[in-house]
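S.K.: Here's the letter readout for the chains.
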Amino acid sequence: MAAPRLELVYDWEKLRSLIGEHLEKARQTLPPRIYEELESKLRSTAERHGLSPDEARRIIDYVLQEYEFSMIEPGEPVGTVAAQSIGEPGTQMTLRTFHYAGIREFNVTLGLPRFIEIVDARKEPSTPVMYIYLDEEHRYDEAKAKEVARRIEFTRVVNVAAEIDLDLINTRFVLRLDPLMLEDKGVTVEQVKKVVERLKIGKVEVDPENPLVIYIYLKPEDMTSIIDLQKKRERILNAKIKGIRKIRRVVVQAETREDGTTEYILVTEGSNLKEVLEVPGVDPRRVYTNNIHEIEEVLGIEAARLALIREMKDVLDEQGLDVDIRHIMLVADVMTQTGRVRQIGRHGASGEKPSPLARAAFEMTTQMLFDAAARGEVDRLLGVTESVIVGGIIRMGTGMVEVSMNPAALVKAARAAGGSEQGGSE
Amino acid sequence: MARKQKKQKFNILEHELVPKHEVVPPEEAVRILRELGVSPPQLPWIRVTDPVVQAIGAKPGDIVRIYRKSPTSGEVVVYRYVVGY
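First to last, the sequence lines map onto chains D and W.
Here the first sequence is numbered in my numbering, starting from 1 and rising by one per residue.
Here the second sequence is numbered in my numbering, starting from 1 and rising by one per residue.
Note that these hints are calculated values from the structure, not bench results.
Be careful, since some hints might not be right.
Covered stretches of chain D (in silico footprint by chain W; criterion: 3 or more residues with CB under 8 Å from a CB of chain W, positions within the stretch not fixed) [to be verified]:
#: 1; region: 22-36
#: 2; region: 283-290
#: 3; region: 298-312
#: 4; region: 325-337
Just so you know, these numbers come straight off a predicted model, no measurement behind them.
Glycine included, C-beta positions come from ideal geometry on N, C-alpha and C.
Bound conformation, chain D alone:
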């Protein structure tokens, strides 16, 4: 009925110049990502169906309005909402899995136990895992990837030894190597010999007839104590041949990328970020570990914050729980607020709640009160729990605001109002 305003514009550049003012306003208000989405959608709609400038303006206004509605109001208890939003799905998590045989042959802790580990800010995860990406040269070739893997895998003499015996007649240790293991770990007999020599236990010799047998000659005075011999045996077996400490196993894994190419990455059991970053053949920019404490130490608190978010999100995703990332980000922000990763436990972030009443409200009530009394603590009744205990107003939402009198302004207003009256009476 109403006259259709059919000045549809199909050309984006033209439309943009017509609604430039609105777009500029949107660009200033909206976060870049949302603005980009708005612009690209306007553009595709205009090009496909045509848009009148008036319509486009109304769309922008509507988006701006929605954006402002979705912002958090001052005084909104975001922490409580985050706690509930993570806590409720957490109850479903418990019933599902504890351990999950994830990547081929090793176990990775997932589900609730892992989540607790993250939030508790444990120094070491129960199953440390690293994901090591390789550089251009080693990325696409399994053999080359394996080469780097061998460089990283921590290998001791015991890993390649078949047996070690004490030959009492000739006062020597007989170390027999396992050819299969040597092959697998990429170690030569010569290397093992050098490692054992460096221990300075005695003369080391490879059997001239059997190259897989190494003799370690002992001095006669060594033969007096059995405990001593045991210790020497341990030292030989535990001697490091190569690799990086703490990295127990390395598995080469093929990962198919979006564009169809295959990339080989190394997944390790055990984690040592600092040293892996320096290994040749590794792409240090993309090395990742699930040990958040290590990331904090090597890459800083901001990296730790990102790792926290990623780890928590991964646990929830893996369990099929859809929690908004903003809640997780808030938790990570609180955990990293003091510049180091601190835990969120049952008495607040690392038990640092300032109010003794709030601490006493949850578990170990008497002990908390005794401690607070002994220390002469004062409760300023500013938090939620304390306010509820004493029947006060909680400081959130509408309880955030207070009304107060400004005497100076009153005097001023009275003077302004009274001034004319006075003037009139005199």
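Position chain W relative to chain D; hints supplied.
M.R.: Only chain W this time, still in chain D's reference frame:
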């Protein structure tokens, strides 16, 4: 010793987990604090011993600007207060 450590070491600022950090000049820091309506200790902290702080050479008392990549809103600018503990 410091030189010895620097030698052929991977620069952590290039790691994908590390967002861009920069020291805010004092005059600007005052302006930002006024805008936000906070005193420096009310900002989130970052330790002087933090590897990134050491890499960019910030001192205790400085304000560091961080350009975070946020999954919800593209790039976000946040500030941290350098503390010396």
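S.K.: Check whether three or more residues of the region 22-36 of chain D sit with their beta carbon closer than 8 Å to a beta carbon of chain W.
M.R.: holds (count 5)
S.K.: Using C-beta distances, would you say chain W covers the region 283-290 of chain D, given that this needs three or more residues below 8 Å?
M.R.: It holds: at least three residues are needed, and the region 283-290 of chain D offers 5 whose Cβ sits within less than 8 Å of chain W.
S.K.: Test coverage of the region 298-312 of chain D by chain W using CB-CB distances below 8 Å; three residues minimum.
M.R.: It holds, with 8 qualifying residues against the three required.
S.K.: Are there three or more residues in the region 325-337 of chain D whose C-beta lies within less than 8 Å of some C-beta in chain W?
M.R.: holds (count 6)
Figure legend: structure checked against the earlier numbered hints; every hint is met.
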